[in-house]
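Read left to right, the sequence shown gives residues 98 to 470 (the working numbering).
Think of the hints as simulated: they come from the structure by calculation, not from any bench.
Every residue gets a Cβ at the ideal spot worked out from N, C-alpha and C, and that includes glycine.
Treat the hints with care, since some could be wrong.
Listed next, the in silico PhoX-like pairs over lysine-lysine satisfying Cα-Cα at most 25 Å (straight line) [unchecked claim]: (1) 140 - 279; (2) 202 - 263; (3) 263 - 279; (4) 202 - 388; (5) 388 - 263.
Simulated restraints, written as ranges between beta carbons of each label pair [claimed, not checked]: (6) 311 - 279: 34 to 40 Å; (7) 216 - 407: 56 to 62 Å; (8) 454 - 163: 53 to 59 Å; (9) 453 - 311: 26 to 32 Å; (10) 290 - 356: 31 to 37 Å; (11) 279 - 126: 25 to 31 Å; (12) 432 - 149: 23 to 29 Å; (13) 205 - 356: 42 to 48 Å; (14) 453 - 262: 39 to 45 Å; (15) 125 - 205: 24 to 30 Å.
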Amino acid sequence: MAVPLYTPRVNNNDDSVRVSHLFIERGAFVRRGDPVADVETDKATFTVEAEQDGYVLDFNARPGDTVDVGSILAWMGSDAAELAPQEVETRAEAMVDRNTVPTLKAALLLARYGLEGNDVAAEGERLSVADVERHIRLHGLNRRSAPEPAVTDENRLPSASGKTVKLNPEERGMLRTVAWHKQEAVPAYLELTHDPEPWESYAAEFQRDHRLLLNPLLPLLAYRLVRIARQSPSINATMLNYERYEYDHVNLGFTVQAGMNLYVVVVREAENLTESELASRLGELQRSAMKNALRPEEASGATIALSSMARWQIARHVPILVPHTALMVAHAAPVNGVATLGATYDHRVLHGAAVAQVLRELACPEARQEKDT
Numbered sequence: 098m099a100v101p102l103y104t105p106r107v108n109n110n111d112d113s114v115r116v117s118h119l120f121i122e123r124g125a126f127v128r129r130g131d132p133v134a135d136v137e138t139d140k141a142t143f144t145v146e147a148e149q150d151g152y153v154l155d156f157n158a159r160p161g162d163t164v165d166v167g168s169i170l171a172w173m174g175s176d177a178a179e180l181a182p183q184e185v186e187t188r189a190e191a192m193v194d195r196n197t198v199p200t201l202k203a204a205l206l207l208a209r210y211g212l213e214g215n216d217v218a219a220e221g222e223r224l225s226v227a228d229v230e231r232h233i234r235l236h237g238l239n240r241r242s243a244p245e246p247a248v249t250d251e252n253r254l255p256s257a258s259g260k261t262v263k264l265n266p267e268e269r270g271m272l273r274t275v276a277w278h279k280q281e282a283v284p285a286y287l288e289l290t291h292d293p294e295p296w297e298s299y300a301a302e303f304q305r306d307h308r309l310l311l312n313p314l315l316p317l318l319a320y321r322l323v324r325i326a327r328q329s330p331s332i333n334a335t336m337l338n339y340e341r342y343e344y345d346h347v348n349l350g351f352t353v354q355a356g357m358n359l360y361v362v363v364v365r366e367a368e369n370l371t372e373s374e375l376a377s378r379l380g381e382l383q384r385s386a387m388k389n390a391l392r393p394e395e396a397s398g399a400t401i402a403l404s405s406m407a408r409w410q411i412a413r414h415v416p417i418l419v420p421h422t423a424l425m426v427a428h429a430a431p432v433n434g435v436a437t438l439g440a441t442y443d444h445r446v447l448h449g450a451a452v453a454q455v456l457r458e459l460a461c462p463e464a465r466q467e468k469d470t
């Protein structure tokens, strides 16, 4: 008997989520606790796991689809040959305005399945791929009529012998980040050399005045980045449907290496914190990361980010953009009295001159933030 796997609620204020990734194919066998899909909101990503051993009979959504919380995400069964129940197309049938003008991609998909535009209900102004895919799922059309997916480097079996190893949650998070960087962003990189002494002196003075055990240079640099982002909303943004999406708050992402795991911890609404508060909050998140005890909201939702490899004496590095951000600043170790600040940025959102200005403001002693009062 088919058993539904429901769409979870990720955030209390969101009644729908976006399916960002499917870990397995239809008909695959999974064990209880195995990852099935990733769903996300603007603030967090959640991995949906199998609730029992069995086969995935069918998915009711594909990557990119937005689905309602509590709806059936997938069907599970004890036999791979079992048929998944098909939901009644009440929503589509209730629509009065059936716009049949398809987009180009929707038209190609219609042709693959032998459909006409007036066979499918459209939710928007034009018939979209999502509309056609929903119709195919609800009517159980034969997907074998569609061409087989092209073999790419990602799914081609390597020539050398080996075995597959399941990724842990941290590794899956890294995979999602790299995939977004590759598939969505148009990354570019530039860097600026500067004299590190003024910042080092300021950090030493701040550490002495606040009786801190650890050097606060990176938190102070991060604080300055937050202030710049608040003053220039275009860098605290991403691209959404050919429009710049500027965030309401500055959620600072900060890379933390915890053993073999790399985390991006997130200080939410960092613009509301003082230097001391930001340094304290980053310290708390770093300690949680070291214990692998981060909550979902503490490791997702970054709107801008900073990464440093100075502790390993790395002189330069090009970081990967965090999903849905347009800027990640790279801090490195000084060499012969000269330090480098770099930045990876999404060229869809920002141009080089804007990023260069950010780096100049970060590096320039005159641009340092005022001390806490």
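Status of each hint after checking the structure:
no.	hint	result
1	140 - 279	21 Å, holds
2	202 - 263	33 Å, violated
3	263 - 279	22 Å, holds
4	202 - 388	46 Å, violated
5	388 - 263	22 Å, holds
6	311 - 279: 34 to 40 Å	35 Å, holds
7	216 - 407: 56 to 62 Å	60 Å, holds
8	454 - 163: 53 to 59 Å	36 Å, violated
9	453 - 311: 26 to 32 Å	31 Å, holds
10	290 - 356: 31 to 37 Å	32 Å, holds
11	279 - 126: 25 to 31 Å	29 Å, holds
12	432 - 149: 23 to 29 Å	56 Å, violated
13	205 - 356: 42 to 48 Å	47 Å, holds
14	453 - 262: 39 to 45 Å	42 Å, holds
15	125 - 205: 24 to 30 Å	27 Å, holds
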